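Chains as they are written, first to last, in our numbering: chain A, 4 to 228; chain B, 54 to 351.
Quick caveat, the hints were computed from the structure, so don't treat them as lab data.
Do not rely on the hints blindly, as some may be mistaken.
According to the in silico footprint, chain B covers these stretches of chain A (three or more CB under 8 angstroms from chain B) [claimed, not checked]: (1) 35 to 46; (2) 49 to 60; (3) 90 to 104; (4) 108 to 122.
From a predicted model like this one, the values you see are computed outputs, not experimental measurements.
Using N, Cα and C, we set each Cβ at its ideal position, and we do this for glycine too.
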Amino acid sequence: MIRAVSAALAAATLLASGAVAAGQAADPRRDAGGYPAPTTALERGRRVYVLSACHFCHGVDLTGAQMGAADLMHDALVAADQHGEVIGAIVRAGLPNLQTAMPRYVDMTPQQVQELAAYIHFLRAQGRFRELTEQANQPRGDTVAGKTYFSGEGGCAQCHSLARDLAGVGKKYGEATLLATMLRPAVSVPREGVEMSAGGAAHQKLLETMLAKDAQNVLAYLREQ
Amino acid sequence: MPLLHVRQSLVRDAATVRGVRIGAITGVYGPFPAATGQDVVDVVIARSLEGGIGHVELVNTLLEPRVTGGGIGGQVPPTVTPEYLQSREGLRQWRLTKPLDSFRDIRRKFESAGIDLYSYVMTIGDDFTDQEIDAFFKQMQALGVDRFCTNQTRIGMGPRMAPFAEKYRVMAAFHTHALVEDANEVASPASLDKVLGMSRLFMINLDIGHFARGGNDPFAYIQAHHDRITHLHIRDQKKDGTAANLGEGDLRVSETLRTIRDHQWPIACILEQGRTGFDSTVAATRANLEYMRKTLES
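Please model the complete structure; the sequences and the hints are all you need to start from.
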């Protein structure tokens, strides 16, 4: 997926000053617990999530394991989903062989499935952002491993370069700001009336799956520049 | 008459229909967003009044601190992280030290609103200490409930729970699920026989949906074991597990309600299902309770 959007990503400037400000301004604590989603489309997804009682088992922030359901914040199937292909298949088929069997929602329309999936991905990005930025006592990252991730698995180098758009970012921004903006630049924050760019979508997807050690490694790599 | 009093009066009148108590578990009419400094119980009560919910089954997670990275079903996760250990111990200490007056206050709030706090929900996970179980039963006493839904509690915990149920005279209503092939799960009729044999204070909270998903017949089971059932979790679905609105599935909901009414069995019918076509979970719950009320009156 990262490769597929590389051309569009190239156009996105990760650390433009406006991006930093907007990214930080996004409310990182939105969940399904009565907080409206930031866009009309996501709000439709939130309503599907709540009115179908997904929150009862999966929680208002996806981490509802205490009620017997999968932790969607960290679930591999959600990570594999793009626009509802995986989530929709599960929602429609149900999951019978669980302690708390999940019903089959066969009447859910394709649009509802897509909106539900988009909302789940949004919630997941919110939660993962909190996890990656608020966990205390993270071990300091490894710059070599950070470079490897930046150029390889993370796909960052397909669009960004420390010699061009990211030149000097390690000195320009404090560690917390750099980490927050690296994880969630403004282009990846949903906004009403603004279609998210491929670059933004790629960042959101990366945020959903990125490991804490990888985030710290890339941060160390950027900070070294 | 002030609006609040009108609502309280309406809720009281609608809470018991022809001798059958109807209500809802909080999960179906949440979430309950509390403003900074606001007590979530106040939000639950306001929504209960709005939804006409006279008997409330309160889910423990609304009151308790969260566990980070917990396992499915309230158990220890396969991978234990430092965050899990820290938050789980935090929850344990909360249970051990939370002043019982705070639970008495909750009871008072419900009573003041004219709502019956019918039951509480608690999964007693395999990692509960005896002190933790004891503290929980004390909380039940302070809440003024004499029964609780065991949620995902497994059979193996039964022998450890029985002395506390006897000591505090609180009924553990074992909640049924669907995993009938797991011998430690409360799911099959045989598994229910097992827990019922452990204590006279062990009862059943029959979730008719989960029970049916396990291949069992909830209607037949209720008829045969009504004297050991405190309450039902009412929901509906098609035979193949397809979600269905109340009364539109294959779980014989209306027959179940009327049978309880006709026999005047003291089995409360607690809703655990949403309903399509509504703008809010409160409105959907109100519509479901209206369906139950009309069914009982017809």
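Hints and how they fare:
no.: 1; hint: 35 to 46; in the structure: holds (count 4)
no.: 2; hint: 49 to 60; in the structure: holds (count 7)
no.: 3; hint: 90 to 104; in the structure: holds (count 7)
no.: 4; hint: 108 to 122; in the structure: holds (count 3)
The earlier numbered hints are all upheld by this structure, with none contradicted.
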